[in-house]
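For the record, the sequence lines run as chains W and X. FYI, the numbering for the first sequence is 0 to 260, going by numbering that gives the first Met the number 0. FYI, the numbering for the second sequence is 0 to 263, going by numbering that gives the first Met the number 0.
Simulated from the structure, these hints should not be mistaken for lab results. Bear in mind that the values here come from a model prediction, so they are computed numbers and not experimental data. Please note: incorrect hints may appear among the correct ones.
Unchecked claim - Here are some, though not all, of the chain X residues that point toward chain W, as calculated from beta-carbon distances under 7 Å:
1. L61
2. E89
3. A116
Backbone N, C-alpha and C fix where the C-beta goes; we use that ideal spot for every residue, glycine too.
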Amino acid sequence: MGAVLSFLGGVGAGLFGILAAAGQVVLFAASALFHCVRPPFYPRLLARQMIEIGYFSLPVVALTAIFSGMVLALQSYTGFARFSAEGAVATVVVLSITRELGPVLAGLMVAGRIGAAIAAEIGTMRVTDQIDALTTLSTNPMKYLVVPRLVAATVVLPLLVIVADILGVMGGFIVGVVKLEFNAAAYMARTWEYLRAEDVISGLVKAAVFGFIIALMGCFQGYHSRGGAQGVGAATTNAVVSASILILVFNYVITELFFAR
Amino acid sequence: MKEDARPPGSSPKIRIRGLRKAFGEKVVLDGLDLDVEAGRSLVVIGGSGSGKSVLIKCILGLITPDSGVIEIDGRDVLAMRPREREAVGEHIGMLFQGAALFDSLPVWENVCFGLIAKRRIARRDARGRAIEILAQVGLGPEVADLWPAELSGGMQKRVGLARAIAAQPDIVFFDEPTTGLDPIMGAIIDDLIVAQVKRLGATALSITHDMASAQRIADTVAMIHKGGIVWTGPAASIRDSGNPYVDQFVRGSTEGPIRMEVRR
Numbered sequence: 000m001g002a003v004l005s006f007l008g009g010v011g012a013g014l015f016g017i018l019a020a021a022g023q024v025v026l027f028a029a030s031a032l033f034h035c036v037r038p039p040f041y042p043r044l045l046a047r048q049m050i051e052i053g054y055f056s057l058p059v060v061a062l063t064a065i066f067s068g069m070v071l072a073l074q075s076y077t078g079f080a081r082f083s084a085e086g087a088v089a090t091v092v093v094l095s096i097t098r099e100l101g102p103v104l105a106g107l108m109v110a111g112r113i114g115a116a117i118a119a120e121i122g123t124m125r126v127t128d129q130i131d132a133l134t135t136l137s138t139n140p141m142k143y144l145v146v147p148r149l150v151a152a153t154v155v156l157p158l159l160v161i162v163a164d165i166l167g168v169m170g171g172f173i174v175g176v177v178k179l180e181f182n183a184a185a186y187m188a189r190t191w192e193y194l195r196a197e198d199v200i201s202g203l204v205k206a207a208v209f210g211f212i213i214a215l216m217g218c219f220q221g222y223h224s225r226g227g228a229q230g231v232g233a234a235t236t237n238a239v240v241s242a243s244i245l246i247l248v249f250n251y252v253i254t255e256l257f258f259a260r
Numbered sequence: 000m001k002e003d004a005r006p007p008g009s010s011p012k013i014r015i016r017g018l019r020k021a022f023g024e025k026v027v028l029d030g031l032d033l034d035v036e037a038g039r040s041l042v043v044i045g046g047s048g049s050g051k052s053v054l055i056k057c058i059l060g061l062i063t064p065d066s067g068v069i070e071i072d073g074r075d076v077l078a079m080r081p082r083e084r085e086a087v088g089e090h091i092g093m094l095f096q097g098a099a100l101f102d103s104l105p106v107w108e109n110v111c112f113g114l115i116a117k118r119r120i121a122r123r124d125a126r127g128r129a130i131e132i133l134a135q136v137g138l139g140p141e142v143a144d145l146w147p148a149e150l151s152g153g154m155q156k157r158v159g160l161a162r163a164i165a166a167q168p169d170i171v172f173f174d175e176p177t178t179g180l181d182p183i184m185g186a187i188i189d190d191l192i193v194a195q196v197k198r199l200g201a202t203a204l205s206i207t208h209d210m211a212s213a214q215r216i217a218d219t220v221a222m223i224h225k226g227g228i229v230w231t232g233p234a235a236s237i238r239d240s241g242n243p244y245v246d247q248f249v250r251g252s253t254e255g256p257i258r259m260e261v262r263r
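Bound conformation, chain X alone (with noise of 0.2 Å):
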């Protein structure tokens, strides 16, 4: 079962074939496929140590893969040089699992530091339009004196919200955006997240093992397991996928094809 509303002949925002990454003996991903349709928002689901934050680092060149494809706009990036890569990276956002913040700068630092890192503002100018990036995100300009240890979780995931959408990005990625949240929290985190790429117009993709969230903030749904998509289809059909690994995990029980290394 497979979501496919792009136009014939176009290829996705981003396009991954045969992606393998091994730590060791340990193969984390193995000959993983997957699309995702420009400005759609998939989200992938799996358990601890499926993979999921391979995947995301492999994509944002953090982590080189043995071997595969990954395009953006149809274009190999592991076959790039490193200057066309930061190019590439330039029209990409990322939200970080623990919000990721510089503790060494303040706030308004932390959101336009990347604006300020490729020139596109002036540094005088930066603290004003970081208030105004803030507003995107439910936040006051008194944030913007603050340093990152100042913040509760949930406001620290805002900033690095805001950091993440500063540049206005075509791609955003979101790495457990509601991990450490109470429930009220993260759903305020999902629907600014639904928000903001909706605003962008930006293609999303998103790692979680959050069912809730997921089914909030994802057009697609894809299920990785042993380092490969054992399933991908609409968010709204994943209570009743008929895939007995999705099934599986949507329950959180702990009969089914998926085994869980745990020593007793």
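Same shape as in the complex, but just chain W (with noise of 0.2 Å):
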């Protein structure tokens, strides 16, 4: 009986503590919308971190969308000629790319790139008394800090992702007419013929909520880190891992909300 109890004591503290830390984001996710609508602004720091998280991320975005439409493209044409469906491969990368691919695995690839620097970068100023320093100079660590990184992730990786959509698709007309021996013309045909604005525009949507996550958890982990480096290293490690979980939940919502009936 005593091991029972305490068992379930053990499961409802690390409710309590998981229900306390989501409250916690909640109130910062808050703080920093507030933070948003109120002067000053540093339009300097946002141009700074839209280049950051958006230009700097551009290579790895490209790769990424271009080698999964490539796959995508020969693995759809390999599972559907078994039923003789090989004609919708154009269709399914398209679909899959706007819809689904291009959002998440930019999303996935930025809070691994981005998520993990901003928590480093604002984790070091915390254990080094730096934040506390803008403080002291009547500087708002919020407005310096976390607004511009959370405005310019949220604009910038709608930016990212209508480049993975090109590349995505262009990975898949290129394995599609090279390898695969389509007429161009047909594929690029079919790749129009199915497309809606709403598959284009739930992927964008997506992107923002995605970007949003993963400056908010940067900023958050790396905002309440502690004990100097390995405290640092502990508040990288969840913003990206926080960040990609919320990002694969997240998805799911989203395309509940457009895409149900």
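Using the hints, build the complex out of the two chains.
This is the structure:
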């Protein structure tokens, strides 16, 4: 009986811990959003973050998208050939890329690259008193550190996903035409035939939400890091893991909102 | 024994009464009272974990105390709205223990960060102003374009001091200003602190456990122990205070009323 109570106590404590952490994240997000609409604003920092998050993430997102499109075309072809549906390859590629793979893969790649960098930078600033120094210099750390990253990631990730969509479809096109010997014009016609605006728009909405999540978790974990280098390391890991999980959770939620019948 | 240079009826620059702060069950500040007279330099000495840093962070608004009163120029800062508190903060400078320079900014931008943030100087004029301020702490113009990571510990402290005095504050806080420096560089930093505080006519509150540094920069010394002030007196009398806590701390003796929490 004692062991059962101890086990249940542990489960309850764990549950309360998760709820408390979720509450902290929500309060942090609310505070950040509040500061997003109140001056002072830092356009120079915003521009710097947009370059850091957007421009410097282009290579990794581009490579991921091209090869995902190529693999998707190849897999679809070999699978669909079993029931003579090879003609659907172009449609499957474009719908998969715009609805799912573009935003999710770009989100996960940027979470690994940018979420970790944000958590490490802000975490180091926390443990070396730089965030306290900002406060003593009449600068609100939420406005100076968190808001530019949050806005930049939310704005830039949809732009990255547009690039990922184009390159992903192009990857499928290359494999379809060069390796699988589809007619180029027919492949492009099938690509456009069933594509609707909501397919692309849902992907871009997902991208904006994922960008917000990546920056939020990076900033939150870094802002609350404690205990020197080890604490910063833990914050970095937590930022990437929590952002990745939340991306997958919100991917389902947004898909449900757009496409559930 | 307490020095009182204040004219009758005037209030101290900083007045603290009944300040209490606990982290969980650990009480760090336990009803602390302290006065810092205008234009004077007070140094708070005490062992590790005695509450020195928490005291300074409470005054700066970086930590919210559980109870008590902190008055600056006779106004309770804990009762102020954020904007009022921010306005008070504009007249305060702070030198952090590790200098806490922003490592994503060059030295000149670190020095003038507060001036640019408060729009008291245009960004295009800031580099020139930073070079002038760096000269006041003995650094040449070539330092202005370096990054904090390129500086030695002593140079980082000097840049931190330059940043703390850039806005010509009324009050300057120094957190362990000589920690991590060799004795010569420590003395140089102390001399710079004394010179700059005197030039500004500012009130200074420092915390340290370096007795040599305390004697160089203090007019008045206060000893903190277990979250309260146990002695206050002139810096010159610290070696014959007659207070057992101060005597033990100055001698660095293990025998006396101060019991360190050490597991054997």
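Going down the list of hints, with the structure as the test:
no. : hint : result
1   : L61  : 5 Å, holds
2   : E89  : 5 Å, holds
3   : A116 : 5 Å, holds
Hint violations for this structure: none, all hints satisfied.
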